[in-house]
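Each protein sequence line maps, in turn, to chains P and F.
Each residue of the first sequence is one higher than the last, beginning at 1 in this note's numbering.
Each residue of the second sequence is one higher than the last, beginning at 1 in this note's numbering.
What the hints contain is simulated information worked out from the structure, not anything from laboratory work.
Hints may be right or wrong, so weigh each one.
[What the hints assert, rightly or not] Here's a subset of chain P near chain F, in silico, CB distances under 10 Å, partners left out:
{"#": "1", "residue": "13"}
{"#": "2", "residue": "85"}
{"#": "3", "residue": "87"}
{"#": "4", "residue": "129"}
[Unchecked claim] For lysine-lysine, the following DSSO-like pairs were computed, each having C-alpha atoms within a straight-line distance of at most 27 Å:
{"#": "5", "chain 1": "F", "residue 1": "47", "chain 2": "P", "residue 2": "144"}
{"#": "6", "chain 1": "P", "residue 1": "12", "chain 2": "P", "residue 2": "144"}
{"#": "7", "chain 1": "P", "residue 1": "144", "chain 2": "P", "residue 2": "10"}
{"#": "8", "chain 1": "F", "residue 1": "47", "chain 2": "F", "residue 2": "2"}
{"#": "9", "chain 1": "P", "residue 1": "82", "chain 2": "F", "residue 2": "47"}
{"#": "10", "chain 1": "F", "residue 1": "37", "chain 2": "P", "residue 2": "82"}
{"#": "11", "chain 1": "F", "residue 1": "55", "chain 2": "P", "residue 2": "82"}
{"#": "12", "chain 1": "F", "residue 1": "2", "chain 2": "F", "residue 2": "54"}
{"#": "13", "chain 1": "F", "residue 1": "37", "chain 2": "F", "residue 2": "55"}
{"#": "14", "chain 1": "P", "residue 1": "144", "chain 2": "F", "residue 2": "37"}
{"#": "15", "chain 1": "F", "residue 1": "2", "chain 2": "F", "residue 2": "37"}
{"#": "16", "chain 1": "F", "residue 1": "54", "chain 2": "F", "residue 2": "37"}
{"#": "17", "chain 1": "P", "residue 1": "144", "chain 2": "P", "residue 2": "82"}
{"#": "18", "chain 1": "P", "residue 1": "12", "chain 2": "P", "residue 2": "82"}
{"#": "19", "chain 1": "F", "residue 1": "2", "chain 2": "P", "residue 2": "144"}
{"#": "20", "chain 1": "F", "residue 1": "2", "chain 2": "F", "residue 2": "50"}
{"#": "21", "chain 1": "F", "residue 1": "50", "chain 2": "F", "residue 2": "37"}
{"#": "22", "chain 1": "F", "residue 1": "2", "chain 2": "F", "residue 2": "55"}
Please read these numbers as outputs of a predicted model, since none were measured by experiment.
C-beta: ideal position from N, C-alpha, C; glycine also.
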Amino acid sequence: MRSTLLLPNKYKRIGIILLIPSLVLGALVRFWDFSFDFLELPFGKAISSGSLNLDEQINLTDELALTGIILGLIFIAFAREKQEDEYINTIRLESLQWAVLINYVLLLAATWLVHGFAYIDVMMYNMLTILIIFIIRFHVVLRKNRITNPE
Amino acid sequence: MKNTIRVERAIHNITQQQLAEQIGVSRQTINAMESNKYVPSTVLALKIAKLFGKKVEEIFLLEDED
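Here chain P stands alone, though its shape is the one from the complex:
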C-alpha cells in the first residue's frame, strides 16, 4: 500500500531542525516582545490600517516564527517512516482521527473556560494543537509496539 501524500523519511529530521529554532523565536516574540529590526516593513502603516492600532508597524518576525513552526510540524507529521507499511498507515489514520477529536474537545473546553483577550491565545495555540497531538499520538503508538512483547 502506497501513501502518496507522505514526504521522504529525512523530512522528519529537517522538520525537527526547523521546529526547534522557530519555537524559540516564537517564544521570544510572544513572551519577550522580541523582533528582528531588519524584518520591519517600511510600509507597515499603510497595510495595517485595518488593525486596532494605526501606528503599529508590521514586523515579520512573528510571521517567520509561525511559518517555521508550522512547516516544521508538517514535515515531522508527514514524513514517511523508514519502513512504512499498512499497519503504520492504520496508526497514522487513527492518530489523525484522535488528533481532530481531541483538538476540538480542547477547543470546546477552552471556549467555555477562557474569556476575553486570553481567548486569542487559545486560538493561537489551537492553530498548532492538531499537528502536535497527531505527532505525539502516532509516535507513542509506534514506540509502544516496538517495545511490547520483546523476544
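For chain P, the structure is supplied; the task is to place chain F on it using the hints.
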C-alpha cells in the same frame, strides 16, 4: 481473529525482525499482529502464509465474535 504467527515463527526459528524483513513490513506490524492488535490485509496474510508454506486459514483463524 487470531493467528498462529508466533508459533510458526518458533517452528521456523526466526525473529520478528527477520520475518518483517522477509515480507517487507515493519517489526511493529508483526508485533501488532502477534498480539492480536492488528488484522492484516489479505495481501499481507497471503505473504505470511506463503512464507511459512501453509494455507492462510491454517495461520489466521476466525473467532466467535468475528
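Assess, step by step, whether the Cα of residue 144 of chain P is no farther than 27 Å from the Cα of residue 82 of chain P, and give holds or violated. holds (17 Å)
Chain F contact restraint for residue 13 of chain P - C-beta distance below 10 Å: At about 19 Å, which exceeds the 10 Å cut-off, the nearest Cβ of chain F leaves the hint on residue 13 of chain P violated.
Proposed proximity, residue 144 of chain P with residue 12 of chain P (alpha carbon, max 27 Å): holds (19 Å)
Between residue 54 of chain F and residue 37 of chain F, does the CA-CA distance stay at or below 27 Å? holds (22 Å)
Would you check the hint for residue 47 of chain F and residue 144 of chain P, treating anything up to 27 Å between C-alpha atoms as holding? Roughly 25 Å separates the two Cα atoms, so the pair holds.
Does residue 85 of chain P meet its interface restraint, that is, does its C-beta lie within less than 10 Å of any C-beta in chain F? Result: holds, 4 Å to nearest chain F Cβ.
Holds or violated: are the alpha carbons of residue 37 of chain F and residue 55 of chain F at most 27 Å from each other? Given that 27 Å is the threshold and the Cα spacing comes to 22 Å, the pair holds.
Please verify whether residue 47 of chain F and residue 2 of chain F have alpha carbons no more than 27 Å apart. The hint holds at about 17 Å.
Hey, residue 2 of chain F versus residue 55 of chain F, does the alpha-carbon distance stay inside 27 Å? Distance of about 15 Å is within 27 Å: holds.
Should the interface hint for residue 129 of chain P be scored as holding, given a Cβ-Cβ cut-off of 10 Å against chain F? violated (26 Å)
Is the straight-line distance between the alpha-carbon of residue 2 of chain F and that of residue 50 of chain F 27 Å or less? Roughly 18 Å separates the two Cα atoms, so the pair holds.
Compare the distance between the alpha carbons of residue 2 of chain F and residue 54 of chain F with 27 Å, and conclude whether the hinted pair is satisfied. Holds, because 16 Å separates the two Cα atoms, which is no more than 27 Å.
Hint compliance for this structure: hints 1, 4 and 11 are broken, all remaining hints hold.
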